[in-house]
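Please build the complex by placing chain B on the supplied structure of chain A, with the hints as guidance.
2 protein chains.
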Amino acid sequence: MSARVLVVDDIMPNVKLLEAKLAGEYYDVLTATNGHEALRKAEQESPDIVLLDVMMPGMDGFEVCAKIKSNPKISHIPVVMVTALTDVEDRVKGLEAGADDFLSKPINDTALMARVRSLIRLKMATDEWRVRENTANQLGVIEKSSSAMAESTKNAQILIVEDQDFERRKIEGALAQDHDTLVSVGSGAEAMALVNSRAFDLIIVSLNLENEDGLRLCSHLKSNERTRSLPIVMVASSPDMPRVAQGLEMGAYDYILRPIDPNELLARVRTQVRRKRFQERLHAAYDISLSMALTDSLTGLYNRRYLEVHLEKLLQKNRESRKSMAVLMIDIDHFKQVNDTHGHNIGDEVLKVFAERLKNNLRSFDLVARMGGEEFVAIMPDVSEMRAQIIAERLRRSIAEEPVICGAEGGALNITTSIGGALIDHEPHTPQEVFDRADKALYEAKNLGRNCTVFEGAGKLDPAKFSPQRRDNVQAQ
Amino acid sequence: MSARVLVVDDIMPNVKLLEAKLAGEYYDVLTATNGHEALRKAEQESPDIVLLDVMMPGMDGFEVCAKIKSNPKISHIPVVMVTALTDVEDRVKGLEAGADDFLSKPINDTALMARVRSLIRLKMATDEWRVRENTANQLGVIEKSSSAMAESTKNAQILIVEDQDFERRKIEGALAQDHDTLVSVGSGAEAMALVNSRAFDLIIVSLNLENEDGLRLCSHLKSNERTRSLPIVMVASSPDMPRVAQGLEMGAYDYILRPIDPNELLARVRTQVRRKRFQERLHAAYDISLSMALTDSLTGLYNRRYLEVHLEKLLQKNRESRKSMAVLMIDIDHFKQVNDTHGHNIGDEVLKVFAERLKNNLRSFDLVARMGGEEFVAIMPDVSEMRAQIIAERLRRSIAEEPVICGAEGGALNITTSIGGALIDHEPHTPQEVFDRADKALYEAKNLGRNCTVFEGAGKLDPAKFSPQRRDNVQAQ
Chain A
42 MSARVLVVDD IMPNVKLLEA KLAGEYYDVL TATNGHEALR KAEQESPDIV
92 LLDVMMPGMD GFEVCAKIKS NPKISHIPVV MVTALTDVED RVKGLEAGAD
142 DFLSKPINDT ALMARVRSLI RLKMATDEWR VRENTANQLG VIEKSSSAMA
192 ESTKNAQILI VEDQDFERRK IEGALAQDHD TLVSVGSGAE AMALVNSRAF
242 DLIIVSLNLE NEDGLRLCSH LKSNERTRSL PIVMVASSPD MPRVAQGLEM
292 GAYDYILRPI DPNELLARVR TQVRRKRFQE RLHAAYDISL SMALTDSLTG
342 LYNRRYLEVH LEKLLQKNRE SRKSMAVLMI DIDHFKQVND THGHNIGDEV
392 LKVFAERLKN NLRSFDLVAR MGGEEFVAIM PDVSEMRAQI IAERLRRSIA
442 EEPVICGAEG GALNITTSIG GALIDHEPHT PQEVFDRADK ALYEAKNLGR
492 NCTVFEGAGK LDPAKFSPQR RDNVQAQ
Chain B
42 MSARVLVVDD IMPNVKLLEA KLAGEYYDVL TATNGHEALR KAEQESPDIV
92 LLDVMMPGMD GFEVCAKIKS NPKISHIPVV MVTALTDVED RVKGLEAGAD
142 DFLSKPINDT ALMARVRSLI RLKMATDEWR VRENTANQLG VIEKSSSAMA
192 ESTKNAQILI VEDQDFERRK IEGALAQDHD TLVSVGSGAE AMALVNSRAF
242 DLIIVSLNLE NEDGLRLCSH LKSNERTRSL PIVMVASSPD MPRVAQGLEM
292 GAYDYILRPI DPNELLARVR TQVRRKRFQE RLHAAYDISL SMALTDSLTG
342 LYNRRYLEVH LEKLLQKNRE SRKSMAVLMI DIDHFKQVND THGHNIGDEV
392 LKVFAERLKN NLRSFDLVAR MGGEEFVAIM PDVSEMRAQI IAERLRRSIA
442 EEPVICGAEG GALNITTSIG GALIDHEPHT PQEVFDRADK ALYEAKNLGR
492 NCTVFEGAGK LDPAKFSPQR RDNVQAQ
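Protein chains in written order, with our numbering: chain A, 42 to 518; chain B, 42 to 518.
Some clues are possibly wrong.
Copies of the same chain are indistinguishable here, so a pair counts whether it falls within one copy or spans any two.
[Said to hold, decoys possible] Subject to a maximum C-alpha distance of 27 Å in a straight line, what follows is the list of computed DSSO-like cross-link-like pairs (lysine-lysine):
| # | residue 1 | residue 2 |
| --- | --- | --- |
| 1 | K195 | K364 |
| 2 | K358 | K110 |
| 3 | K506 | K358 |
| 4 | K110 | K134 |
| 5 | K481 | K364 |
| 6 | K164 | K134 |
| 7 | K317 | K134 |
| 8 | K195 | K146 |
| 9 | K481 | K393 |
| 10 | K114 | K354 |
| 11 | K501 | K211 |
| 12 | K506 | K487 |
| 13 | K108 | K358 |
| 14 | K358 | K114 |
| 15 | K393 | K114 |
| 16 | K364 | K354 |
| 17 | K164 | K400 |
| 18 | K354 | K108 |
| 19 | K110 | K354 |
| 20 | K481 | K377 |
| 21 | K487 | K114 |
| 22 | K62 | K393 |
If you're looking for bench data, these hints aren't it; they were derived computationally from the structure. For clarity, every value in this text was computed on a predicted model and none was experimentally measured.
Chain A on its own, in the form it takes in the complex:
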């Protein structure tokens, strides 16, 4: 995948060298020779990755990196620090400033290209979500300024695949301080069995296993839709660099070379855990936002929009299965008085409790929706008329018999409900017709004095006949 790369270095020949290498691979290259210019171009030119020299006069690379990572507008751009120093401390410092990786000068071409490609791929996968962040933000589901840097790195679930005891203990020791849950296995087969049965935040894979090729495990993980997004950190020796590059190509996210420096490992693991958690939070935010389009915000029941789309499908299913279904139109009696006398807050509480009781008195596969105001609809597929009437009466009674306790003010309100029902056979019917029929029955229930159930064709139901004492008899009919 081609992309736009911002190269930052105060020494012109270094800039030119990197620019030539990247342009040769058809990357679009931007350059900057100091920290201020780098920050300005990062904001204005939206590069896909920044290659950032550490040692610069004035603002050094660490500071530039920290500034990029704390600016919500550009914190999603991956940063690779480039340094002449091979000092591990510098690497850790960079990773803690939010750098996504490190490259040492003189730059190895394989490592450079593998790294750039892998980070750009990761960024692009997230970009599609970011453009839709605004809606999630407007729904209050996610903070506008959210970024991976704000995620916790603690208590991660980490799977370690390493068959050398000494190395395994070193890894476990390095990660102990973050209170991670560490599970160690010695083979790819054990690892695959585990990832299929529980959730991990990260997997560390040795590329030097004695009896198998660790890359094969990486491939399995990446080929399986369930495990595809699990971050992989490879552990390898210097001569393994070509295989490391192959692993990054395959979709592994990072690597560390032996001898393992505990602080570097910890910093790299934290970066990946943060990234995964942020990615999950973004996805969850969208899923919540989407589900909000289907539900009523006050009661959590389905909304009218969902009901209308779904009823059409239920009617078709009913036709095909040649069964009957029931539609109940349910309205709280004199609800306006509740609002006018006790205020909207109390009114809202009543609606919430009412919705709860609705759900509790219907079957799990029945569909309940709030149409708006104090009006609700229940659709009961595959039901006999008698069964539908029993359920409707049980519902009416559960409202009438137990007052609604209203939170703060502690008052108990007596609420009743009127219910209109219609049984829908397997002939063709439109949603509108079905609503109208139940609505007419509801209207009759209101006219007959409220707190009662009227079924189309059957008139007002006799509460005595449907009282709990008699229910078993009726059910047996």
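Using the frame of chain A, we list chain B on its own:
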């Protein structure tokens, strides 16, 4: 990116050869030796790509491909047909059956890997959207069985970058029958200028331009967020295969070799146009679904959920800018009677017309939401008390003075509204407090006989003072 590949061929040595090549690159390989097995495995094992032999006894490759592409559960899996024949007619037949590409035996390794990687990348980009298709489907925004095959291939906007007249005319001739709009240019610079100013569905890029490298243009297109998703089809000669592979790596979607066969070009262009249109439809469905979470389905106004999140931000902005804003609580008088007398359909129409008048009488940057039922809220930022009162009275009058014409039945209903208003200064206030204050004013308006506006502190507004004749005077105050 590693992935799961399904290899289908009736001749075992062919299967083994491809399996070895792919496993060597760390792909997970599944195999099938006939069409039925292939279809079963495609459904059960969710491969990321299918390599499909054309000549098989019983069900041939074309039939398998057509079956995959017409099954909504698996139609998203890319299919590459593999054939010993170099006959162009076969290629066209395969593309028309929905194949994503063709490979000729003996298989060239570079072409195989470049093609597999590029198609898998495309699939993965779409997969993330597909998992969320269900919600869009539940909202009625997109059909469950939607697939790229159903998209139109006509009337596409196509940009051709080719500096040889003879070749350009050949391309234009091939595409003429689909009524596409064809724009031809001879250089990358002209192409970049055009794509930045208008929308194209596809770009065809020659890799044999005289004065420049066509891959450089591909790179520019892929590096720019605005043009990144524009499909690129490369035109090249056989010796250019390594550069074609590089182009696919960069993100070009397809290629065709010279001499161009018009039917093959047409088939390839159609495949890409279809794919782009399907991708856009998926994205649009997702965006519409998201926006539905913010709006009331009946009136199209913002919903309560949006208002609550947004009011908090508006209050903060009001504090920071040290201005004042107004909150109006607006309720249709005796709305229950409308529903009870004329039915819910008429009630809904009244709500829609009411919402329209609300919008028309407020300023474009005011926020109007339906709280539920017949209750609406308007938030007017940066407004004086006098201006807010003028707007509220204008609104009340616009409702009272013009009856609502109700569609089908043709009746005209006289509707009035009561409005409660409160002016919010730049001190700290909570959304709840703000709602309560406007609500209290509304309650007073109801008690004072309805069809009037009450402002907190100012009492009931005198309609005469706010009549249109006097409005200019008042505005000047």
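Next on the checklist: For each hint given before, does the structure comply? Return the numbers of the non-compliant ones in rising order.
Outcome noted: 1, 3, 8, 11, 15, 17, 21 and 22
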